[in-house]
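Mind docking chain B on chain A? Use the hints.
These protein sequences, in sequence, are chains A and B.
Under the working numbering, the first residue of the first sequence is numbered 1, with each subsequent residue one higher.
Under the working numbering, the first residue of the second sequence is numbered 331, with each subsequent residue one higher.
Hints were generated in silico from the structure; no laboratory data involved.
Predicted model only: the values in this text are computed from it and were never measured.
A few chain B residues facing chain A, derived, Cβ under 10 Å:
1. K578
2. P669
3. I706
4. G709
5. C715
6. S751
7. Y752
8. I753
Beta carbons are placed, not taken as given, at the ideal position from N, Cα and C, and that holds for glycine.
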Amino acid sequence: MTEKFLVNSSPHYRSDESIRSVMGDVLIALLPALAVGVVFFGFRVLSLTAVTVAACIAFESLFNFIRKKKNTAGDLSCVVTGTLLSMCLPVTTPYWMAVVGAFFAIVVVKMLFGGIGKNFFNPALAARAFLFSWPVVMTSFIAPFRGADLPILGEISSEVIDSVSTATPLTYLKAGTMPDVSLYDMFFGNIGGCIGEVSSAALILGGIYLLCRKVITWHTPVFYIGTVAVITYIFPATGGFFNIDFMLAEILSGGLLLGAIFMATDYSTTPTTGKGRAIFGIGCGLLTVFLRYFGGYPEGVSYAILIMNIFAFSLDKITRPKRYGAGGEI
Amino acid sequence: MSTVEEVKILSKTFKGGIHPDYNKERTFARAIERLPASDKVIIPLRQHIGAACEPLVRKGDYVKLGQPIGESDASISCPVHASISGTVKAVEPRWNQNGTRELSVVIENDFEDRRFEECFPREKDMKRLSPEDIVDGARRYGIVGMGGAGFPLHAKLRAAIDSKVDTLIINGAECEPYVTCDHRAMIEYPRYIVGGILLIMRCLGLDGAILAIEKNKPDAINSMKITSEDTGITVAELETKYPQGGEKQLVYALTGREIPPGKLPTDIGCAVFNVDTCASLFRGFDTGLPLYQRVVTVSGDAVKKPKNLLTRIGTPYETLFEYCGGFEKEPYKIICGGPMMGLAQHSLEIPVVKNTSALLAFAEGNETIEENPICIRCGKCSRVCPMRLMPNYIFLYGSRGDLRECEKLNATDCIECGCCSYICPGKMHLVQAIRMVKGKLNRR
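Looking at chain A on its own, in the form it has when it is part of the complex (with noise of 0.2 Å):
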């Protein structure tokens, strides 16, 4: 015999999906609420997007050098980290801020954990949390095509910020009345808020690809909106019941659609399983509506699904499937 031949367990075929190519598809997800971000806000947006994305992946490669690791930043996952940082922040926020934030969820929430699949917090909604230790920055939204006024690089003062700043659709919400915007510009984005969160249709279009891609299911998201929808339909915040247009506003207003479609589906820091995935999406609408009605912010949906990932482990395991053969007729 001089063959030599490989001898290992079967399959012998893989699909070619691998982590690179679905952290890849969820970065083409993110692409039209990027660009409406930038169409509403101006190019700061690319260069903050840019700061946060470059420490993402600097952190993740300075830190698996350190520890002698294989650079695990090729498979985009950071890349995706530092993009949906970008996405939740203001685009006032400062590129120092940045850096710190995008230092947090990378180092402290992500590899110190493990690294990916490992960590049990969403990166970049701890880095958001984590910021929000500045809480003017984190909360000063600037007024829909105002962007062009920002200086790309440089400080921004805050007389600057305070001439082209905005009450974001929420803050009314928050006070129990009907933002000041049609929810036709709410749901193209045309009203103030974080950089990637604005437009919902851009979002909705990302969460189809995903779908259609199947990087994400639809229980989270489904059942995420469904019970802020339900739940504020029949209580909303304006005082008696069933009010559609309340309904229609609190969903396309603030992070909710950005954290349903695209936070509450990382994988790593929420269940596998579709009901757990189910059982989560509700548990963060429940928290989502509590923390805006009743938090001292008018934003929840980021505590909301921090305070789940908690629970990521326990709901696979209550929710484990039923094996094939239990339901049988023997």
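Positioned in the frame of chain A, the structure of chain B alone reads:
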């Protein structure tokens, strides 16, 4: 059949599964060619699940085509026969496809193909055969399940009679990528298949059977529909999905019944047989010759001219590849069976046996083995698992040695179809790990 069952038949698939590239176009349109007998054959004395046969011949004996050369008294066993005529050169352990050494009879071909005297058709009118005759014939002709693990047909028929099955399912799904031997069989000798099905129907006292074929074989469906007209055989078209041909998945797709853990199809009134098994049974009664040859698909990107070959049992792999023009590229991996569940082989001297459906040769680069597989908790493995297990968690607990938790996760239910490993974006070795967990659980 009740209305409920009729409704369920419409779905004709199962939950989970994957859609790999089937790569069947390389061979499905190629007519079966008869591979000239090689100058020697190596016939393992165990080509089936169950007890190995005792050799009936010794070195130096002259054997004829169809002559029994191994037999066992065990109830789960099946005789083996000479597939050529010639002189026994050795009776010794030889490597076989399972990666073990199995006592084998090596015969040198005299190229006379002298037929064994007792191999003659005993009963021309098959309608006069009793169930007992058919069970005896299945054993006499050395027939085993040719689509899968090689369970002796006579033992399966006996169990089916004893448990009074009400549904006979004939498996022509052929869901493994690359493999086309059953596809060709259904096109080229549908009459043998139908003849065999009728024999099994007679044996089990049933007047109907469901012949299940995946939709990606319209020509086979057509051929079988025409041939099985007015026989009581219904041709069912199944969704093309792997592992549609898995016994448990097939039974569910066709009847809506699930086989409870640790039970057999016969426990829920079903019996499943492969199409080529049926054809071999019929051929046995028709010609009096035992199962001494079978169709083997030779394919894979390293093979120059992929073919479907009618091959004598015991032919070394080398002979098949040579007949297919040799290797186009340096072969890196040789697989016996399909790429999803087939067994990687270390040598080309290993012989074709009764359940060798395909031989695949792949060049390097088809398979990248990730050095650092990672579970990203995407949950795709659970979604594709046809047994509704959670492969990622079995892996997790298994790698920590927590067998109790693996047992709670029903690791032993795994049918090792490989869907989880196939789909995993992190390239985890999931089914491989579950196999080890199962081994540990079974040894306990």
